[in-house]
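Undergrad: As a plain string of letters, each chain reads:
Number of protein chains: 2
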Amino acid sequence: MEETEFADGGDEVVAIDIAAVTQVNRAFYEAFEANDLDALLQTWERSDRVQCTHPGWSVLRGWSEVAGAWAALIDGPEEIQFVLTNEKVIVHGDVAWVTIDENMLGSSGSGTVSALNIFVRGDDGWKMIGHHGSSVMQR
Amino acid sequence: MEETEFADGGDEVVAIDIAAVTQVNRAFYEAFEANDLDALLQTWERSDRVQCTHPGWSVLRGWSEVAGAWAALIDGPEEIQFVLTNEKVIVHGDVAWVTIDENMLGSSGSGTVSALNIFVRGDDGWKMIGHHGSSVMQR
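Respectively, the protein sequence lines represent chains F and X. Once you know that position 97 of the first sequence is 97 in my numbering, the rest is easy, because the numbers rise by one and skip nothing. Once you know that position 86 of the second sequence is 86 in my numbering, the rest is easy, because the numbers rise by one and skip nothing.
Chain F on its own, in the form it takes in the complex (with noise of 0.2 Å):
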């Protein structure tokens, strides 16, 4: 499940690149399905480089923008839980990917989302700097 096919300084290295992305891409779903906005922004990085789009959005950019739009999100009426399935990280020098399924349980109903996130490795570690969600139809 999480696997890459370009090492960059050997195996052992690229190991413990994916499972430090895993665990920072984890946090931002723990921290969504708890509303811990403050956890949640510490999963990405404090830039205006960071974009973010939502199922049915266009793009955000910018820290103010991102960062405002995800306060908006928690702060909503909705409790959502999330299953994550079908998780894959790619880790390219000092730029990391992943692919997942965000099944979500909500009061409102249920859903798929497809999600991409990309991080970046700073000096206090991996950060999401870009996430683009979108909504799997039913077929």
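Take every hint as true, because none was put in to throw you off.
One copy or any two copies: either way a pair holds, since identical chains are not told apart in the list.
No farther apart than 20 Å at their CA atoms in a straight line, the calculated lysine to any residue pairs in the SDA-like style are these:
#1 Lys88 with Gly62
#2 Lys88 with Asp48
#3 Lys127 with Asp94
#4 Lys88 with Gly133
#5 Lys127 with Ala31
Keep in mind the hints are simulated off the structure, nothing from the lab.
Here the structure of chain F is known, so what remains is to put chain X in place on it, guided by the hints.
TA: Same frame as chain F, now just chain X:
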């Protein structure tokens, strides 16, 4: 429109990278619009770490799945014209990602897809390694 926050190796080098990524990204859409499957696939890295999420779809992973879906889309009856807007390129080392609005005019209607395209620099230049598109709902 084309800018980056983080310079690796100086502004001039980054500007060259951004121009190169922009060119491959546009070649991808030109090939799509021209129904030219070979040219479209030429813009992709031919590897099993490629991944692609079309609007409403689950993620596709690996060369055969991704290339197969593009072949089916290109083969389809729909003629699509793209007007690309709201483009932003970010380069970080040997990885780059582009957010862009695909404003599509097709024979069966029109709509906007918000896309996130990831590129990796290899021996033969920048190649697309990930694509995620989602329909923007009119509000």
